[in-house]
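Asker: If you read the sequence shown in the numbering used here, its first letter stands for residue -11, the second for the next number, and so on.
By construction, these hints were calculated from the structure, which means they are not laboratory data.
It is possible that part of the hints are untrue.
As the list claims (entries may be wrong) - Dumping the calculated DSSO-like pairs for lysine-lysine here, alpha-carbon to alpha-carbon at most 30 Å:
hint, residue 1, residue 2
1, 235, 257
2, 190, 279
3, 207, 139
4, 129, 139
5, 122, 135
6, 129, 190
7, 3, 13
8, 207, 190
9, 144, 129
10, 190, 139
11, 207, 257
12, 129, 235
13, 235, 144
14, 139, 122
15, 122, 144
16, 279, 207
17, 279, 257
18, 190, 3
19, 144, 207
20, 135, 235
21, 235, 13
22, 207, 235
Keep in mind the model is a prediction, meaning the values are calculated, not measured.
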Amino acid sequence: MDRSYRESELMENLKSGRKGPPFRKFIVGTQVLEQSLDLDFDVMITDLCPMDLLIQRIGRLHRHRNVRPSSLREPICYVMGTDLDDRASEYVYGRFSLLNASDLLPETLNVPEDVPGLVQAAYDLERQVSGEIKEDYNRSKEEYERKMNDKEVSAKDYQIRSPSPNSDLVDWLNDPDDSKEVLGEASVRDIEPTLEVVLVRKTDSGFSMVSCIDELNGKQISYNLSEEDAFNLSGCRISLPFYMSSKHEMESTLSALSFMNVDIPASWKDNAWLRNSLFLILDNYDMASVKGWRIRYHKRNGLEVMGDE
């Protein structure tokens, strides 16, 4: 809910048809800015990322015919990390995709004319490079192909079997080999597992809402939830950091949260909006401790994990 509120603020300040430029407004964001939001930036500074995503980000630069400062009337995107020293970006996207983007990155991008050729070249495994990046490129390409092959093999565990000539649709989809579902569950999505929790604050007088929205933050929640409060609580759902929900940590994190959730009223867990939810119970300072991790919800920065206690 807070994220939606922030997005609405952005849309209002950086929308089409605004009457003037925002005064020295700097927007710092993650990859979510490249998806779905109809934002219009005067200038953009971005870390290196795969070519198709980079072009998508640039699509938020001078997106509309808005009034701009005189020094920013030419659309310019500054791409950082083209020397590929940023290990964080490499962890997210893989070195091969970043090498391709860095090697193909033009001084001038003409949209949409240049887009198809650049994207096709960025994913062309037959493309050859020369010079000082050749050895690094070939090594990262082999690693990329190996990972893609491993994913293809894993995905086969979740394929639907070929139908027999006499089977109907129900017979075809009801595969008798239930073990495939277990094997394929982790293969069908190409991301690490995540664990979502619903934020709630515990006070001396009971429970209250946690939100950056003034009229909701601190609102007392009764043990007998109203539908409105249940709906608002469901909007306080947030993902824990991946290292708290990795395959090595998932079981112990679930155990710690389950122990914490003993204080949650049973009627909440039966509510249609909150059924099967896990709650992260914060104190008056919007902090909690889970397995030695000190966690704080900051109304502007979101969920912060401040290390071990």
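Asker: Each hint should be assessed against the structure and marked as holding or not.
Answerer: Evaluation of the provided hints:
For a cut-off of 30 Å, the pair hint linking residue 235 to residue 257 stands: about 25 Å separates their Cα positions. For the suggested pair residue 190 and residue 279, the alpha carbons sit about 19 Å apart, so the restraint of at most 30 Å is met. With a C-alpha separation of about 47 Å, the suggested pair residue 207 and residue 139 falls outside the 30 Å cut-off, and the hint is violated. This hinted pair checks out: residue 129 and residue 139 have alpha carbons roughly 15 Å apart, not beyond 30 Å.
Between residue 122 and residue 135, the direct Cα distance comes to roughly 20 Å. Compliance with the 30 Å bound is thereby established for this hinted pair. For a cut-off of 30 Å, the pair hint linking residue 129 to residue 190 is broken: about 51 Å separates their Cα positions. Taken as a hint, the residue 3 and residue 13 pair is honoured in the structure, with Cα atoms around 13 Å apart against an allowance of 30 Å. Our distance criterion of 30 Å between C-alpha atoms is met by residue 207 and residue 190, whose separation comes to about 11 Å.
As the CA atoms of residue 144 and residue 129 are separated by approximately 23 Å, the hinted pair is consistent with the 30 Å bound. Taking the CA atoms of residue 190 and residue 139, the gap is near 43 Å; set against the 30 Å cutoff, the hint is violated. Under the criterion of a C-alpha separation no larger than 30 Å, the hint pairing residue 207 with residue 257 is consistent with the structure, at around 19 Å. In summary, the hint linking residue 129 to residue 235 is supported, as the alpha carbons are separated by about 27 Å, within the 30 Å threshold.
As the CA atoms of residue 235 and residue 144 are separated by approximately 21 Å, the hinted pair is consistent with the 30 Å bound. Proposed proximity of residue 139 and residue 122 is supported: the alpha carbons are some 26 Å apart, at most 30 Å. Distance check on the hinted pair: residue 122 and residue 144 sit about 33 Å apart at the alpha-carbon level, beyond 30 Å; violated. Pair hint residue 279 plus residue 207 holds up; C-alpha atoms about 28 Å apart against a cutoff of 30 Å.
Only pairs whose Cα atoms come within 30 Å are accepted, and residue 279 paired with residue 257 is accepted, the gap being roughly 23 Å. Distance hint between residue 190 and residue 3 is unfulfilled; the C-alpha atoms sit about 38 Å from each other, more than 30 Å. The suggested pairing of residue 144 with residue 207 is violated, with an alpha-carbon distance near 49 Å, which exceeds 30 Å. Taken as a hint, the residue 135 and residue 235 pair is honoured in the structure, with Cα atoms around 19 Å apart against an allowance of 30 Å.
Between the alpha carbons of residue 235 and residue 13 the distance comes to roughly 40 Å, so the proposed pair goes past 30 Å and is violated. Proximity of residue 207 to residue 235 is assessed by CA-CA distance (about 36 Å); at most 30 Å being required, the pair is judged violated.
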